[in-house]
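Q: Spelled out, the chains give:
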Amino acid sequence: MGTTTVGSSDSVVRSADVEQATVDAKRRKLTADRTYIHHIQNPFSIDGQQVENPLSKEGDRLQVGYWSVHADREIVSESLRVISGIDLEVSDMIISSIASGAVLLEESEKDNGALVVDIGGGTTDFVLYRKGFIVLTGVVPVGGDHITNDLSIGLRVGRKSAEESKIKNGRAYYKAEDRTEKVWLYGDMTIGDREYPLAAITKIIEARVSEIFDIIKDQLVDADLYVPADIASGVVMTGGTSRLVGIEEVARRSLGLDARQSEGPRDVSPDLRVPEYSSALGLLHYALKGQEDEQQHAKPVGIFPRLRDILNF
Amino acid sequence: MPEAGLKIKIIGVGGAGTNAVGSIALADLDKVQFAAINTDAQALTKSSIKEQLLIGRAVTRGLGAGGEVDIGRAAAESDREAIATLVGEMDLIILVVGFGGGTGSAAACVVAEIAAKTGALVLAFATLPFHFEGSRRKRIAEAGVGELRKLVHGLIPLPNDVLLQEGEEDTSVLNAFAIADRWIGRGVHSLCIMLLKAGLINQDLGSLRSVFQRRGGKTIFGTGIASGGDYVKDALDDLFICPLLHMGDRPAQLDRVLVNVVGGADLGIAKVNEIMSQVSQRFGSREDIVFGAVIDDTRSESLEICILAKAEMEQRTPTKAENANVAESSTSPLQVLDTLGLETDVDQDQLPQQRAVHISKLLSKKKAVAEGQDEFTFNEEDAQRGYFEKTDRNVYKDEDLDVPTYLRRGIKIKLR
Chain H
1 MGTTTVGSSD SVVRSADVEQ ATVDAKRRKL TADRTYIHHI QNPFSIDGQQ
51 VENPLSKEGD RLQVGYWSVH ADREIVSESL RVISGIDLEV SDMIISSIAS
101 GAVLLEESEK DNGALVVDIG GGTTDFVLYR KGFIVLTGVV PVGGDHITND
151 LSIGLRVGRK SAEESKIKNG RAYYKAEDRT EKVWLYGDMT IGDREYPLAA
201 ITKIIEARVS EIFDIIKDQL VDADLYVPAD IASGVVMTGG TSRLVGIEEV
251 ARRSLGLDAR QSEGPRDVSP DLRVPEYSSA LGLLHYALKG QEDEQQHAKP
301 VGIFPRLRDI LNF
Chain G
1001 MPEAGLKIKI IGVGGAGTNA VGSIALADLD KVQFAAINTD AQALTKSSIK
1051 EQLLIGRAVT RGLGAGGEVD IGRAAAESDR EAIATLVGEM DLIILVVGFG
1101 GGTGSAAACV VAEIAAKTGA LVLAFATLPF HFEGSRRKRI AEAGVGELRK
1151 LVHGLIPLPN DVLLQEGEED TSVLNAFAIA DRWIGRGVHS LCIMLLKAGL
1201 INQDLGSLRS VFQRRGGKTI FGTGIASGGD YVKDALDDLF ICPLLHMGDR
1251 PAQLDRVLVN VVGGADLGIA KVNEIMSQVS QRFGSREDIV FGAVIDDTRS
1301 ESLEICILAK AEMEQRTPTK AENANVAESS TSPLQVLDTL GLETDVDQDQ
1351 LPQQRAVHIS KLLSKKKAVA EGQDEFTFNE EDAQRGYFEK TDRNVYKDED
1401 LDVPTYLRRG IKIKLR
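Which chain is which? The protein sequence lines are H and G, in order.
Just so you know, we're using the working numbering here: the first sequence kicks off at 1 and counts up by one.
Just so you know, we're using the working numbering here: the second sequence kicks off at 1001 and counts up by one.
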């Protein structure tokens, strides 16, 4: 949060004040091994009142908040190096949760407040919208691979079988009836096929999935942002792991919010409206929107129209 | 021929170890000696073990180490001579230790060092604390086991969280500790009966030594037991899903495998052949599997299978990511313990977001794969992480998130 006292004698906010507040907000120094990768601006406020555009308004104290994301400097440069190593130029960097959030939510949902949770293979990314602004992003270092690993160890099978079991028989929450229901490991009459109670699978998965949501809730609480009334549009889930049957129920129980799986971005061909692509589509949307803004309604040239056609944007 | 002169001693070190040894019943194997070493005088008086040694009287006045590793270590160091006398001149010494506290975690290394010097074959059963016992005990246990592993010829880790999976649905904490005692009992019993009784297929100390040739390395241990009905098939099934064989840390290659089978008079060669072929299929190793089969007249229509395998340490250059010092030198455990920093303290201070998350995992995994599939890090920390074994630890509020959630929360998963 950055604060500045409005400089001029007539208490009207000028661009210098905005500059000052912004600088103040971003001043927090990082340790040498970290680097900022994103500053997400939160609303300005004058004398405690939120304002859309502070210029030329009256007041004494101008404040602006930024949600700043920083990362390990070495890891980031390694990633950038990998890309430039294959002769591609990186023109921008964005957090994938923001990318997904931007493309999956309607404006009304952003205004009502929503929590987008992208559960991938290795990690779960989330972004919290409140009153139209991004106020929190986070990562839980747990994903679908962890569910598979848990099953592999718990059912005492190899990873491939565990993955198949998860997809074929998995449910995100445990039901008492699962104890008497049996399922086959391979289910195709191979020798060495094993039968076990469905409860084994669902108990293992439920423990892991509920933990992911519990950690997200912890992070919201720690940031003083767990205010259900401000997250009226609830939880929107995406990412490959969100395909897990019953995952909305577990999200609902852990987070105490309405939860649903996202149908995918609006203006995209049906083949691409698939949970695994939200992140990538979000990145494309962000990049294209950036280009659009740059060109100020000028006629788009180059790769842009082709991409448009391919993706049905 | 049974080794009439074979000298075996089972030594419980520390409170948990002493309890476990006290509960081992080796009815017909009276040649085996038992002993208890502890810093807690009261615990020793309560123990049924006849040969006892109170160590560190000058340090603790018989009041125990109070969970302090330094005190346990000092206690053992102060009574080296007495320990050496107790250890004596044995062919096989089996140490039984519960890690996490003060005495077991530290004194066991001193005892092991002394025992190995006598030329005896030294094996150790080491229980690791439950998740709910907290992170301090976990760290102490990990450091202690990592150290002990290098000093003995075979170390069998028994994580209580994993053993709990074999208990009943409503297992209480006390029951849970008893489960560990049972597992230790099974392992010890299987070893002793194999060595001391003439078998259908006989194995002796030489066979055991051929499996556990060098100190260090990784030992795999599992058992299966069944009676009545199709007990051969049931015992095999039981063995194949033994939780100790599925902790996600199975080495790519097992150097030596020993399988011992104990059955009643009805155990014929035909059944033994069947068992051998099934086990060979499952646990194929570079060398042939060493098989032992023993008849126990007190049994009938029952079978117990025990597997012990060793994967030796590969020679390789330590990487930057290495925590443990794995040189097979004769550095005293004290020196090495001192140089082993416990860097997990740093993790606790960092915010979750500051840990380079999935990107770091990719990097570490790539590094590990590039260095060759034969490697494994020998950190106790990496057991139970399975797929994530070679990546950085995934610490959030003192928990390693890569370890299965159901294990950390003590949720029992029944597979039958």
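Hints should not be assumed to be uniformly reliable.
Said to hold, decoys possible - In silico PhoX-like cross-links for lysine-lysine, where the CA-CA straight-line distance does not exceed 20 Å:
1) H:K131 - H:K217
2) H:K175 - G:K1271
3) G:K1414 - H:K182
4) G:K1197 - G:K1031
5) H:K131 - H:K110
6) G:K1007 - G:K1031
7) G:K1050 - G:K1197
8) G:K1050 - G:K1233
9) H:K160 - H:K175
10) H:K217 - G:K1397
11) H:K110 - H:K217
12) G:K1412 - H:K182
13) G:K1271 - G:K1233
14) G:K1412 - H:K175
15) G:K1031 - G:K1050
No lab work stands behind these hints, which were simulated from the structure alone.
Q: Hint by hint, note whether the structure agrees.
A: To see whether the hints hold, each was checked on the structure:
| no. | hint | in the structure |
| --- | --- | --- |
| 1 | H:K131 - H:K217 | holds, 19 Å |
| 2 | H:K175 - G:K1271 | violated, 41 Å |
| 3 | G:K1414 - H:K182 | holds, 12 Å |
| 4 | G:K1197 - G:K1031 | holds, 11 Å |
| 5 | H:K131 - H:K110 | holds, 7 Å |
| 6 | G:K1007 - G:K1031 | holds, 7 Å |
| 7 | G:K1050 - G:K1197 | violated, 24 Å |
| 8 | G:K1050 - G:K1233 | violated, 40 Å |
| 9 | H:K160 - H:K175 | violated, 25 Å |
| 10 | H:K217 - G:K1397 | holds, 14 Å |
| 11 | H:K110 - H:K217 | holds, 19 Å |
| 12 | G:K1412 - H:K182 | holds, 17 Å |
| 13 | G:K1271 - G:K1233 | holds, 10 Å |
| 14 | G:K1412 - H:K175 | holds, 15 Å |
| 15 | G:K1031 - G:K1050 | holds, 14 Å |
The structure fails to meet hints 2, 7, 8, 9 from the earlier list, while all remaining hints are met.
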